[in-house]
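What follows is the residue order along each chain.
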Amino acid sequence: MIDRSPEYRLKKAVGVTMMLVLLLFAAVPTLWALLLSVRTPDTIFEPIWESPLAVTLDNFFKITRSDFPSALMNSFITAGLSTFFSMLVGVPAGFALAKSRVSGKFIASWVLLLLRMAPPVGFVIPLFLAYVNAGLIDTYTGLVFAYMTLTLPLIVWSMWNSFSQVPDELIEAAIMDGASLGKAFLLVALPAARPGAVAAAILGFLVAWNDFFYALIITRSSTTTAPVAVMNFISYDSVDWASIAVASIALTLPILPLMAIANRYIVQSLSGAVKG
Amino acid sequence: MIKRLLATALAATITCGVPALTMAADEEVNVVLFGMPYTNGLQKLAGDFEAKTGIKANIDVIGQDVFENRITLSFTGATGDIDVVHTPVIQVQRWVAANWLKPITAEVDAMPVKADIMAGPLDAYVINGEQWAVPYMAATGLMTYRKDILEEAGVEVPDTWEDMLAVAAKIHNDETAAIAMRAVPGQGFNMFIFPMVMRAYGGKFFEDYTGGDLTPAINSPETLEALNVYMKLLNDYGPQGAGNFNFAEVNAAAQNGQIAFALEGTGIVAQIVDPAKSKFADKTGIALPPAGPAGRSPAIAVHGLGIPASAKNPALSAQFIEWAVSTETMTKIALSEAFSNFTTGPVAQNPEVIEKYAKVHPDFLTMQADALNLAVGHYRPLLPDWPAMGQAIGENINAALNGLVSPEEALEGAEQDMKDILGL
Amino acid sequence: MSLNSKKRAGATFELERGYRRMIVPAIIAVAIFAIVPLAGMLALSFSDYHLIRGSNGEFGFRNFIKLVNDKRLMNSVYVMAALSLFGVAAQVIIGTTVAVGLQKIVGKWRLGRVLFLIPYAVPHVAVALIWLSLFTPTLSPINAFFDLFGITVPSFLTSQYGAIFAIVVADTWTNFPFAMLIILAALQGISPDLDEAAALDGASRINTFIYITLPLLMPALLMVTLFRFIDSLKHFPMIFVMTKGGPGRSTQATNFYAYVQTFQNSNVAYGAAIAVLLFIVAAIISFYVARLNQRVSS
Numbered sequence: 001m002i003d004r005s006p007e008y009r010l011k012k013a014v015g016v017t018m019m020l021v022l023l024l025f026a027a028v029p030t031l032w033a034l035l036l037s038v039r040t041p042d043t044i045f046e047p048i049w050e051s052p053l054a055v056t057l058d059n060f061f062k063i064t065r066s067d068f069p070s071a072l073m074n075s076f077i078t079a080g081l082s083t084f085f086s087m088l089v090g091v092p093a094g095f096a097l098a099k100s101r102v103s104g105k106f107i108a109s110w111v112l113l114l115l116r117m118a119p120p121v122g123f124v125i126p127l128f129l130a131y132v133n134a135g136l137i138d139t140y141t142g143l144v145f146a147y148m149t150l151t152l153p154l155i156v157w158s159m160w161n162s163f164s165q166v167p168d169e170l171i172e173a174a175i176m177d178g179a180s181l182g183k184a185f186l187l188v189a190l191p192a193a194r195p196g197a198v199a200a201a202i203l204g205f206l207v208a209w210n211d212f213f214y215a216l217i218i219t220r221s222s223t224t225t226a227p228v229a230v231m232n233f234i235s236y237d238s239v240d241w242a243s244i245a246v247a248s249i250a251l252t253l254p255i256l257p258l259m260a261i262a263n264r265y266i267v268q269s270l271s272g273a274v275k276g
Numbered sequence: 001m002i003k004r005l006l007a008t009a010l011a012a013t014i015t016c017g018v019p020a021l022t023m024a025a026d027e028e029v030n031v032v033l034f035g036m037p038y039t040n041g042l043q044k045l046a047g048d049f050e051a052k053t054g055i056k057a058n059i060d061v062i063g064q065d066v067f068e069n070r071i072t073l074s075f076t077g078a079t080g081d082i083d084v085v086h087t088p089v090i091q092v093q094r095w096v097a098a099n100w101l102k103p104i105t106a107e108v109d110a111m112p113v114k115a116d117i118m119a120g121p122l123d124a125y126v127i128n129g130e131q132w133a134v135p136y137m138a139a140t141g142l143m144t145y146r147k148d149i150l151e152e153a154g155v156e157v158p159d160t161w162e163d164m165l166a167v168a169a170k171i172h173n174d175e176t177a178a179i180a181m182r183a184v185p186g187q188g189f190n191m192f193i194f195p196m197v198m199r200a201y202g203g204k205f206f207e208d209y210t211g212g213d214l215t216p217a218i219n220s221p222e223t224l225e226a227l228n229v230y231m232k233l234l235n236d237y238g239p240q241g242a243g244n245f246n247f248a249e250v251n252a253a254a255q256n257g258q259i260a261f262a263l264e265g266t267g268i269v270a271q272i273v274d275p276a277k278s279k280f281a282d283k284t285g286i287a288l289p290p291a292g293p294a295g296r297s298p299a300i301a302v303h304g305l306g307i308p309a310s311a312k313n314p315a316l317s318a319q320f321i322e323w324a325v326s327t328e329t330m331t332k333i334a335l336s337e338a339f340s341n342f343t344t345g346p347v348a349q350n351p352e353v354i355e356k357y358a359k360v361h362p363d364f365l366t367m368q369a370d371a372l373n374l375a376v377g378h379y380r381p382l383l384p385d386w387p388a389m390g391q392a393i394g395e396n397i398n399a400a401l402n403g404l405v406s407p408e409e410a411l412e413g414a415e416q417d418m419k420d421i422l423g424l
Numbered sequence: 001m002s003l004n005s006k007k008r009a010g011a012t013f014e015l016e017r018g019y020r021r022m023i024v025p026a027i028i029a030v031a032i033f034a035i036v037p038l039a040g041m042l043a044l045s046f047s048d049y050h051l052i053r054g055s056n057g058e059f060g061f062r063n064f065i066k067l068v069n070d071k072r073l074m075n076s077v078y079v080m081a082a083l084s085l086f087g088v089a090a091q092v093i094i095g096t097t098v099a100v101g102l103q104k105i106v107g108k109w110r111l112g113r114v115l116f117l118i119p120y121a122v123p124h125v126a127v128a129l130i131w132l133s134l135f136t137p138t139l140s141p142i143n144a145f146f147d148l149f150g151i152t153v154p155s156f157l158t159s160q161y162g163a164i165f166a167i168v169v170a171d172t173w174t175n176f177p178f179a180m181l182i183i184l185a186a187l188q189g190i191s192p193d194l195d196e197a198a199a200l201d202g203a204s205r206i207n208t209f210i211y212i213t214l215p216l217l218m219p220a221l222l223m224v225t226l227f228r229f230i231d232s233l234k235h236f237p238m239i240f241v242m243t244k245g246g247p248g249r250s251t252q253a254t255n256f257y258a259y260v261q262t263f264q265n266s267n268v269a270y271g272a273a274i275a276v277l278l279f280i281v282a283a284i285i286s287f288y289v290a291r292l293n294q295r296v297s298s
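Chains as they are written, first to last, in my numbering: chain A, 1 to 276; chain B, 1 to 424; chain C, 1 to 298.
Any given hint might turn out to be false.
What the hints assert, rightly or not - Restraint-style ranges between C-beta atoms, simulated for each label pair: (1) 161/C / 21/A: 19 to 25 Å; (2) 191/A / 68/C: 53 to 59 Å; (3) 175/B / 284/C: 53 to 59 Å; (4) 405/B / 5/A: 54 to 60 Å; (5) 166/B / 68/C: 49 to 55 Å; (6) 114/B / 134/A: 39 to 45 Å; (7) 409/B / 68/C: 19 to 25 Å; (8) 49/A / 85/C: 35 to 41 Å; (9) 221/B / 64/C: 37 to 43 Å.
These are computed hints drawn from the structure, not numbers from a lab. Virtual Cβ for every residue (Gly too), placed ideally from N, Cα, C.
Using the sequences and the hints given, assemble the complete structure.
Shown next as structure tokens:
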């Protein structure tokens with residue numbers, strides 16, 4: 001049934017226009033950052049049509065000589081490790097919460113949400129003092145622990161949802177067949193919840209990758225993360241917009257392929273999660 | 001299985017944490033500074049210091065916002081991981097009151113370079129008879145103006161704020177606005193610029209600061225008049241969005257020819273008149289900030305190097321500071337960076353330095369010295385609570401500028417906030 | 001029979017013990033990483049600790065009594081509410097529109113979806129900086145573009161509502177893709193047969209959407225709204241970078257106000273008291289969200 005009536009075409013045109021407007025909204029800031037990143041210092045805020053040829057790649061070379069690349073590396077290491085350890089602890093916990101009959105599940109879900117919501121400003125000072133005493137300031141360990149407070153609740157929560165959709169019968173059958181709980185989890189439940197696990201890992205990574213406040217407080221020169229390093233381009237009497245643009249691009253690019261590959265998984269896992 | 005995984009996890013985290021925790025070794029100084037031309041230049045010279053003394057200098061240059069948050073916590077925790085710290089004069093009272101700095105009178109007295117350091121900035125770091133830091137720069141405020149625009153309109157460079165209002169009305173148009181100044185709330189943002197207007201009209205922060213009467217007195221007819229001038233200039237003759245401008249926006253507007261006048265710190269002024277950075281540099285002149293009924297009061301901001309109370313090896317720290325403010329080091333930085341507001345005297349006599357800044361603008365160095373001579377040391381009050389008060393006053397001024405409250409209400413609010421902060 | 005059931009009960013007991021063992025590490029991690037600083041925050045909020053003046057060792061409700069009369073706190077609550085409500089509404093509406101559009105118009109074009117996902121990948125600090133330059137009239141290419149046609153784009157960051165609008169726009173830009181992803185997921189769970197059946201019955205596409213698709217999307221919409229709302233209470237980098245709380249104090253949300261008291265005014269104890277208040281609000285909201293989630297999933 002193919003509709004070709006003028007009315008349908010009009011509606012389609014309206015729909016397409018709306019999508020294009022929204023795409024413009026989504027794309028303009030990104031394009032603006034790309035443009036800033038290649039402009040020469042004296043033309044950076046001139047409209048592009050006034051000096052279309054004033055472009056340079058110097059900004060990219062300049063940033064490789066700054067502290068930014070090592071900060072980017074720090075971001076990778078800490079966001080990656082905290083996601084890894086949160087998955088290690090959080091996936092089994094999510095599985096157990098979904099399948100066991102322990103009491104206090106409601107409280108668990110409440111606490112998980114609360115942790116996601118709690119404002120970090122309040123406990124930054126006690127956290128800082130605890131870190132000073134434990135010698136965790138400016139260490140990967142300290143930052144990974146801090147990020148786990150962000151990633152762990154998120155991962156437990158989403159894995160709980162994902163495992164809820166794995167039929168109980170599947171696990172019961174495996175256990176009836178003599179598998180241990182660990183085996184049933186690893187060989188039966190986990191493969192069934194794979195899209196959810198990928199999605200949880202990526203969302204967890206993003207949360208840690210995005211953090212500004214913790215890194216601001218508990219890192220020093222050797223473990224500064226990229227979002228904080230971006231702020232270092234704002235100095236006492238100048239703002240290095242070109243470097244900020246390059247840095248923003250450098251911070252976004254690594255996430256992009258991850259997003260492109262994983263968005264299928266995210267959609268798959270979430271579609272289950274919100275249907276349930 | 002879970003137990004084994006957990007054990008591996010813990011072991012892995014602990015091992016990867018170890019290398020990052022580097023404590024200050026015997027022959028290392030850890031220096032934390034925030035980004036400005038001098039500090040960027042100093043960072044590049046770290047090798048010189050090591051070659052000379054055999055001490056490794058880890059110079060960390062970070063953004064100002066990042067610096068302020070980190071340093072507060074580092075001091076609170078007495079972490080001892082910082083040997084030399086960037087000490088703005090505007091913070092030093094607060095830091096001394098909180099016992100965060102180490103007095104260094106004896107160390108500074110032992111430095112031969114002491115005699116070469118300008119007396120005013122050096123004295124700014126004397127509290128209760130002790131020296132707490134050594135200055136490396138003293139920035140002040142200057143006005144830039146577009147010669148071509150004034151010529152075309154047939155007007156003189158305004159000498160008073162009254163003149164400025166008249167000139168602004170004449171030259172303001174949609175293409176180029178008359179004037180831009182910092183407006184974003186903050187003790188280092190609008191409260192670095194606004195007091196230049198306020199003091200010119202005779203406004204003051206306290207009843208009698210020098211006499212020791214610290215009753216807030218910002219809600220006065222003088223300050224109100226000044227605030228009205230400041231607001232009229234920015235609202236009627238400023239560029240679009242002037243109410244949220246910070247130094248970066250003022251700088252960009254001037255460099256792109258969007259404004260005729262800018263009142264800024266010397267660090268920014270140097271960029272506005274630099275032909276390498278702005279296409280309008282050759283058409284831009286510089287002058288002292290306008291005067292008012294109570295005279296002329298250019299801004300002043302002094303920055304220096306201090307030693308945290310928790311520093312492990314103050315002798316090394318002092319050695320680093322002595323090198324950092326030496327004529328040799330300062331001259332190198334003055335030549336490699338846009339760093340004209342050095343406080344070590346002999347640098348100004350270096351022919352290469354003179355030549356370099358004459359090329360940027362022939363009047364720059366002399367104009368800067370004139371402004372510094374006129375500036376009062378307590379341009380912004382030197383009190384432990386000033387950073388908090390400056391923030392609160394700045395918020396009120398900004399609210400009035402953007403029409404959220406009336407100027408009268410803003411000053412009333414500012415005075416009340418000052419009282420609250422002082423616990424009166 | 002009884003032996004068998006005992007055996008099964010034994011097995012269940014074994015199983016439950018296994019489950020518990022899987023949960024314990026997470027509980028320990030949460031306890032160490034979260035409870036300790038939270039307890040510290042609570043202790044600070046009752047103290048008189050000041051970064052400069054130190055502490056006289058007094059403990060009591062002083063800070064909380066002060067909170068009751070604090071006009072700036074009330075202002076910050078309004079700001080927080082405005083930022084959260086408008087931001088979340090915009091994100092959900094735009095996210096849903098894009099998701100529906102992607103499914104009905106763009107179809108299987110995978111790249112289209114990725115294009116809309118880009119803003120979600122930009123870290124908030126960078127988002128705030130990019131939008132700050134876009135909202136500064138003298139720097140912004142948008143203003144320069146409209147100037148060509150003699151149109152003056154207003155300056156947003158200099159008025160109270162404008163600044164709130166600017167922060168909402170930046171926040172929406174980076175977060176609508178999250179809403180889009182979830183709605184897209186929910187849409188894929190809805191059978192296309194329903195649409196076709198409705199079309200065969202002569203229902204218009206808009207009616208189909210309103211009466212058939214939307215009700216089926218409700219759980220997903222609710223979920224997105226709540227999750228975005230939860231995150232939006234933590235507003236920080238956007239305010240910190242774009243307005244510094246200005247103009248005046250009109251974008252100081254509660255979280256930012258707690259920061260101002262703690263770091264700028266050195267009043268750590270009072271900052272902690274504001275944070276405790278926020279925490280209580282968060283606890284109440286998350287309690288209801290958890291209840292809602294429990295009901296939705298059962």
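Here is what the structure says about each hint:
The given range of 19 to 25 Å is respected by residue 161/C and residue 21/A, whose C-beta atoms sit roughly 23 Å from each other. The hint said 53 to 59 Å for the Cβ distance between residue 191/A and residue 68/C, and at roughly 55 Å that hint holds. Our hint of 53 to 59 Å for residue 175/B and residue 284/C holds, since their Cβ atoms are close to 55 Å apart. The hinted range of 54 to 60 Å is satisfied by residue 405/B and residue 5/A, whose Cβ atoms lie roughly 58 Å apart.
Judged by the Cβ atoms, the range 49 to 55 Å given for residue 166/B and residue 68/C holds: they are separated by roughly 50 Å. A C-beta distance of roughly 41 Å is found between residue 114/B and residue 134/A, which places it inside the suggested range of 39 to 45 Å. With their beta carbons about 23 Å apart, residue 409/B and residue 68/C fall inside the hinted range of 19 to 25 Å. The hint said 35 to 41 Å for the Cβ distance between residue 49/A and residue 85/C, and at roughly 39 Å that hint holds.
Taken as a hint, the range 37 to 43 Å holds for the pair residue 221/B and residue 64/C, whose Cβ atoms sit roughly 39 Å apart.
Comparing the model with each earlier hint shows no violations; every hint is respected.
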